[in-house]
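Visitor: If you read the sequences in order, they're chains A and B.
Per our numbering, the very first residue in the first sequence carries number 1; after that it's consecutive.
Per our numbering, the very first residue in the second sequence carries number 1; after that it's consecutive.
By construction, these hints were calculated from the structure, which means they are not laboratory data.
Glycine included, each C-beta is placed from N, C-alpha and C at the ideal position.
Hints should not be assumed to be uniformly reliable.
Computed beta-carbon distance windows for the label pairs [said to hold, decoys possible]: (1) A:79 with B:20: 37 to 45 Å; (2) A:28 with B:52: 32 to 40 Å; (3) B:112 with A:41: 16 to 24 Å; (4) A:81 with B:112: 34 to 42 Å.
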Amino acid sequence: EDQVTQSPEALRLQEGESSSLNCSYTVSGLRGLFWYRQDPGKGPEFLFTLYSAGEEKEKERLKATLTKKESFLHITAPKPEDSATYLCAVQGGSGGSNYKLTFGKGTLLTVNP
Amino acid sequence: SQTIHQWPATLVQPVGSPLSLECTVEGTSNPNLYWYRQAAGRGLQLLFYSVGIGQISSEVPQNLSASRPQDRQFILSSKKLLLSDSGFYLCAWSRSQYQPQHFGDGTRLSIL
Chain A
1 EDQVTQSPEA LRLQEGESSS LNCSYTVSGL RGLFWYRQDP GKGPEFLFTL YSAGEEKEKE
61 RLKATLTKKE SFLHITAPKP EDSATYLCAV QGGSGGSNYK LTFGKGTLLT VNP
Chain B
1 SQTIHQWPAT LVQPVGSPLS LECTVEGTSN PNLYWYRQAA GRGLQLLFYS VGIGQISSEV
61 PQNLSASRPQ DRQFILSSKK LLLSDSGFYL CAWSRSQYQP QHFGDGTRLS IL
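For reference, chain B alone in the conformation it holds in the complex (with noise of 0.2 Å):
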């Protein structure tokens, strides 16, 4: 079976610091791969999507970055963190663009 596991799970960071969350999936190939934020009191929304290795898209403007150095891994990063990053950040992936999107367990970041 599928597995999709994120760290950390929760995070506490100063403005202006760097930022990494990874994301890996396991047993499965070539699978489809999104970061999505949840803020309070707003539905799940789409940072970035990726079909495979080095393919990154983004859909909405914003101070982070995203990267997938391998298959069944994703990297959710940003240079200098921002007082509005502040979130729960959801990794998940699929096994093609129609089929359902499995969520792995998140990371709760707060910055100060």
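For reference, chain A alone in the conformation it holds in the complex (with noise of 0.2 Å):
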């Protein structure tokens, strides 16, 4: 069975101070892992799609990283407009429902001015 599990479960950053979301993964063939930002109320929002280890996508002030068995969203120089929860989710290709995605429970980031 697949699992995703996002550490650490809430994080409180001043502004412009950087940092790191984990995201730890089981997944028989991995065919994607996503992130995605959810503000309060509303459905999660996609980020990026990373479909091999090494691969690396950013957005503005956003990174992800993959390795075979992790996932990081680096936050460089964050600002207030920032916080919000980061969900990772893993679909995998071979057994069970190719469809499904497996979210973690998310990571609560906080950025105060």
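If you follow the hints, you should be able to join the two separate chains into one complex; please do so.
Guide: Here is the structure:
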């Protein structure tokens, strides 16, 4: 069974203080690892897809990286508007449902001005 | 561009009442459609998915059902709601099986 563990559960940063969020996963035949941002009371907003170890994607202050066992979401010089819950999900390609995303519980990021 | 709409945004229903949540997608054709539930302190859980009109696959046994009467319309239903059906229900779409899934803004369902 696919599993995703995100750490830390919550992270509080000062504006401009860079940090990283971790996503550890086990999956049978990785077809994609997805990062989402979720604001309170809203649906998840897609950020990145990573398909193979060594791949990196960037968007503004965010950079996602992938190894065979984990992914990191690096946040450089965050701003208060980056405050949200960040979700990691994996999709496997062998055994079970190949349509399902398995999500972690998320990391609640708070950036103080 | 593609957009996804869910309604209602919030719903309060008594135990034993029926349920109908609707989701529509605009700006694309023949999308894959999904229903997820997000419970407090837990990750999103896939309930149903559909790859075409009338084609529904269930991921978990439960009190709910889904239907896809039109290409870009996905409906989540129940004949009799249980207290355990409370949660945040999210509809999503994707272009194909391994493309990113894009979510609507969800329906907060409370059962009294």
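Visitor: Now, for every hint given, state plainly whether the structure supports it.
Guide: Here's how the hints hold up against the structure:
A hinted range of 37 to 45 Å for the beta carbons of residue 79 of chain A and residue 20 of chain B is consistent with their spacing of about 41 Å. For residue 28 of chain A paired with residue 52 of chain B, a C-beta distance near 26 Å fails the hint of 32 to 40 Å. A C-beta distance of roughly 20 Å is found between residue 112 of chain B and residue 41 of chain A, which places it inside the suggested range of 16 to 24 Å. The hinted range of 34 to 42 Å is satisfied by residue 81 of chain A and residue 112 of chain B, whose Cβ atoms lie roughly 36 Å apart.
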